[in-house]
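Trainee: Residue-level listing of the chains:
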Amino acid sequence: MTAINYPESAPVVEENYLNVSYDVKSWLLTLDHKRIGVLYMITVTLFFFLGGFAAIMLRLELATPKADLMQTEMYNRMFTMHGVLMVFFFLIPAIPSVLGNFLIPIMVGAKDMAFPRINLLSWYLYMTGGTIVLVSIIFGGLDTGWTFYTPYSSQFAIGNVILALVGIFINGFGSIFTGLNIIVTVHKMRAPGLTWGRLPLFVWANYATSLIMVLGTPVVAITLGLVVVERLWGVGIFDYRLGGDPILFQHLFWFYSHPAVYIMVLPAMGVISELIACFSRRRIFGYEFVAISSLAIAFVGFLVWGHHMFVSGQSIYGAMIFSFLSFFVAIPSAVKVFNWTATLYKGSIVWSTPMMYALGFIGLFTVGGLTGLFCASLGTNIHIHDTYFIIAHFHYIMVGGTIMGYLGGIHFWWPKITGRLYNETAGKVSAVIVFLGFNLTFFPQFILGYVGMPRRYHFYPEEFQLLNVMSSAGATILGFGYLMPLVYLIWSLRHGKIAGPNPWQATGLEWETSSPPPPENFLEKPVVNHEAYNYHEQEPTPN
Amino acid sequence: MDKGFRFIPEQASEAASQVDALTLFLTLLTAFFTILIAALIIYFSWKYRRKSEVRPAETKTNYTLEIAWTVIPLIISMVIFVWGAKVFVHMKRVPEGAMEIYVVGRQWMWKVQHPEGRREINEIHVPRGRPVVLTITSEDVIHSVGIPAFRFKMDAVPGKYTQQWFTATKTGEYHLFCDQYCGTQHAGMVGKVIVMEPGEYEAWLNGVKADDTPLGSGKALFDAYGCAVCHSAQAPSMSGLYGRKERVADGGTGKIEDVQVNDEYLRRSILDPNDQLAVAPDGKPYARGIMPSFRGRLTEEQLISIIAYIKSLKNTPAQREVVP
Numbered sequence: 063m064t065a066i067n068y069p070e071s072a073p074v075v076e077e078n079y080l081n082v083s084y085d086v087k088s089w090l091l092t093l094d095h096k097r098i099g100v101l102y103m104i105t106v107t108l109f110f111f112l113g114g115f116a117a118i119m120l121r122l123e124l125a126t127p128k129a130d131l132m133q134t135e136m137y138n139r140m141f142t143m144h145g146v147l148m149v150f151f152f153l154i155p156a157i158p159s160v161l162g163n164f165l166i167p168i169m170v171g172a173k174d175m176a177f178p179r180i181n182l183l184s185w186y187l188y189m190t191g192g193t194i195v196l197v198s199i200i201f202g203g204l205d206t207g208w209t210f211y212t213p214y215s216s217q218f219a220i221g222n223v224i225l226a227l228v229g230i231f232i233n234g235f236g237s238i239f240t241g242l243n244i245i246v247t248v249h250k251m252r253a254p255g256l257t258w259g260r261l262p263l264f265v266w267a268n269y270a271t272s273l274i275m276v277l278g279t280p281v282v283a284i285t286l287g288l289v290v291v292e293r294l295w296g297v298g299i300f301d302y303r304l305g306g307d308p309i310l311f312q313h314l315f316w317f318y319s320h321p322a323v324y325i326m327v328l329p330a331m332g333v334i335s336e337l338i339a340c341f342s343r344r345r346i347f348g349y350e351f352v353a354i355s356s357l358a359i360a361f362v363g364f365l366v367w368g369h370h371m372f373v374s375g376q377s378i379y380g381a382m383i384f385s386f387l388s389f390f391v392a393i394p395s396a397v398k399v400f401n402w403t404a405t406l407y408k409g410s411i412v413w414s415t416p417m418m419y420a421l422g423f424i425g426l427f428t429v430g431g432l433t434g435l436f437c438a439s440l441g442t443n444i445h446i447h448d449t450y451f452i453i454a455h456f457h458y459i460m461v462g463g464t465i466m467g468y469l470g471g472i473h474f475w476w477p478k479i480t481g482r483l484y485n486e487t488a489g490k491v492s493a494v495i496v497f498l499g500f501n502l503t504f505f506p507q508f509i510l511g512y513v514g515m516p517r518r519y520h521f522y523p524e525e526f527q528l529l530n531v532m533s534s535a536g537a538t539i540l541g542f543g544y545l546m547p548l549v550y551l552i553w554s555l556r557h558g559k560i561a562g563p564n565p566w567q568a569t570g571l572e573w574e575t576s577s578p579p580p581p582e583n584f585l586e587k588p589v590v591n592h593e594a595y596n597y598h599e600q601e602p603t604p605n
Numbered sequence: 011m012d013k014g015f016r017f018i019p020e021q022a023s024e025a026a027s028q029v030d031a032l033t034l035f036l037t038l039l040t041a042f043f044t045i046l047i048a049a050l051i052i053y054f055s056w057k058y059r060r061k062s063e064v065r066p067a068e069t070k071t072n073y074t075l076e077i078a079w080t081v082i083p084l085i086i087s088m089v090i091f092v093w094g095a096k097v098f099v100h101m102k103r104v105p106e107g108a109m110e111i112y113v114v115g116r117q118w119m120w121k122v123q124h125p126e127g128r129r130e131i132n133e134i135h136v137p138r139g140r141p142v143v144l145t146i147t148s149e150d151v152i153h154s155v156g157i158p159a160f161r162f163k164m165d166a167v168p169g170k171y172t173q174q175w176f177t178a179t180k181t182g183e184y185h186l187f188c189d190q191y192c193g194t195q196h197a198g199m200v201g202k203v204i205v206m207e208p209g210e211y212e213a214w215l216n217g218v219k220a221d222d223t224p225l226g227s228g229k230a231l232f233d234a235y236g237c238a239v240c241h242s243a244q245a246p247s248m249s250g251l252y253g254r255k256e257r258v259a260d261g262g263t264g265k266i267e268d269v270q271v272n273d274e275y276l277r278r279s280i281l282d283p284n285d286q287l288a289v290a291p292d293g294k295p296y297a298r299g300i301m302p303s304f305r306g307r308l309t310e311e312q313l314i315s316i317i318a319y320i321k322s323l324k325n326t327p328a329q330r331e332v333v334p
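Chains V and B, in that order, are what the protein sequence lines are. Using our numbering, you'd call the opening residue of the first sequence number 63 and step up by one each time. Using our numbering, you'd call the opening residue of the second sequence number 11 and step up by one each time.
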């Protein structure tokens, strides 16, 4: 980046959150939100690559129509592992727990989260849950899919279903506590002058996400608990022979798991708003509309769970109501895309690595969002339900959306977190590889689904092979694209240029403190007297 | 079955072209907005690329624009909703006189029974040009009947009947998939739908003896369990029952309501007879606890047969003799 500028007058801060102490205990018992964010960053990365390994195995197997790489039991366990690890241990915690943890207290001008001990507890709950799930996978695994549909999961599946459910249950509390912490921090810890209308959009998005975490996660925890109860003691909750209803599980599960999609994508939208504003040098277009649309998505997201059940025997009118409501989620999402695009107009645009991820996000999220219309519309939903079309659609949202947002955010705030700059060329090359690899992996799956290939098939009719080969080839490229940042980011820790407090000349409180920030974030309590993204008031600096 | 590469599956049912028309519209819409956004991003980021550190002007909120791009997508969404709902209602409302085929899923096969008695596994033979309704259930976990060429999909849910119909328009063989993950051999739970000319279908059906029909075996079961002993005097008669509205009292609260006598109601009444008690002509419900539950005593296929038999009992003098 050519615009790097070392302010001569920047205070030389001797002590930062990384160099205050070095022993293992000071990390494992830290109450510093920044260190907890870093702990999360290391662990979600671990789970991401474990889940990614499973994905690569699945794509290798699907390169041929026949079952040749592994046994069917193994394949079923592999896609379950992929789903469980990616959804519960990467996508949900990724942005709120890593970037949210690190940035929200600094962005609101606070010393720490409202409840630092609960914050540390969240990470331990996450690690306990994650370890239990990994143990359940290593010692046999389970083959229910990440959706745990009854009565298969409660009566028929063999494998470590109970153990995995206990792990996810415990991890859920980590999510609830993180949500609670963010909500209280945003309400009570804002610096003087930082009104709601001046909050960065990243904070707004994580605030909306936290509401979903606090309201939704208990429901899925109870639901998975009920599956355990039914498996252990044969209580008739989902078993129709005992007066239960297997469809009840789907209602309860999707009541959380549909909003969970917004837990994954809303924080990514928050990241994108920050990146677009910074690298266009403009206040985000329609700030209020972008902020409110996050809350609207969080609210409407709770009313659309039934669209996962259009073919499970729902009444015609029930299906029509859920379809109708589902279209309302499309509106605030569209509003965001239009506002981001409009922000570029008459901006001063730099194609930095984070910006490339951000623009890639808009493109992929647009496709993911628009293909959501196929799913919300009843007439087309029936045909594409449970096919690869659905797989493609939600990967465009979760991988094209959330992971692009996460990587964009990591690249943007990496200098803040570590105090070092990475190699821009390597960053740009990897962003392009991820974008191309992603599209080659998932675009063919839209067609594959429409011609009828069901999801979770270990082997398939021959005429589906060409599209599957394209998808598998794309997955290899995508995997390579994800490994690259791992290498050059780690390399930058030792060899990267010193970043200075504000390498991007961005606005926002996090850029007004040193990089890495001091243990209590600011040497003096900050006072805010302007709105977010006041780039038009910023002093022009020589290029 | 056509093994070539294709972008859309064969259109072999009456609904297929309706679904594809909506898909085409949505695809064009997706392409339009994706290209629009992509073009704007590329154009803006080239036109307004950073040339100097001169700051752009302050961004003002443009309410007209905000309202426009809220309302326009809303209108487009509502058009899609109405169009999609229309196609869906058409796929769901079973036309009068549709031929009923029973499909029972189990790990990992489809068991199919035709009204005239012929049974088959993992294959469904249907005549071309005639509405066929599939009545679907499962013996174990949730499965899903998926026929891409018909744009047809319906879950097989244990303990419940689900229904959806189609009219095949083109003879040939088409994929039958299980679309809901159901355990180890989920990918192997596949079969064929074979669409035949009506004449050929009749000939195919006649390859089997008539006493094996659901109706025939249902009558045998009805007699064997002595159902007719009660269902004439102390209990409601079955004649002409199917399709009527009946008054029933809730087994727990005693609240009286009207129910439609359909497959689902008959199934419930056989498995849990005390949950809803029919109201006798004198206005009082029949007593609790007289009819035993048949839960666990009848297989899904036997239940289907008994229901098929009850359905056949029209309110005509000739058939009154069957249930005196």
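Keep in mind the hints are simulated off the structure, nothing from the lab. A portion of the hints provided could be inaccurate.
Claimed, not checked - Below, simulated BS3-like cross-link-like pairs (lysine-lysine); rule was C-alpha separation at most 27 Å, straight line: (1) V/Lys408 with B/Lys57; (2) B/Lys255 with B/Lys170; (3) V/Lys408 with B/Lys61; (4) B/Lys170 with V/Lys128.
Note that the structure is predicted; figures quoted are calculated from it, not measured.
Trainee: Please go over all the hints and tell whether each is borne out by the structure.
Mentor: Status of each hint after checking the structure:
no.	hint	result
1	V/Lys408 with B/Lys57	8 Å, holds
2	B/Lys255 with B/Lys170	20 Å, holds
3	V/Lys408 with B/Lys61	12 Å, holds
4	B/Lys170 with V/Lys128	34 Å, violated
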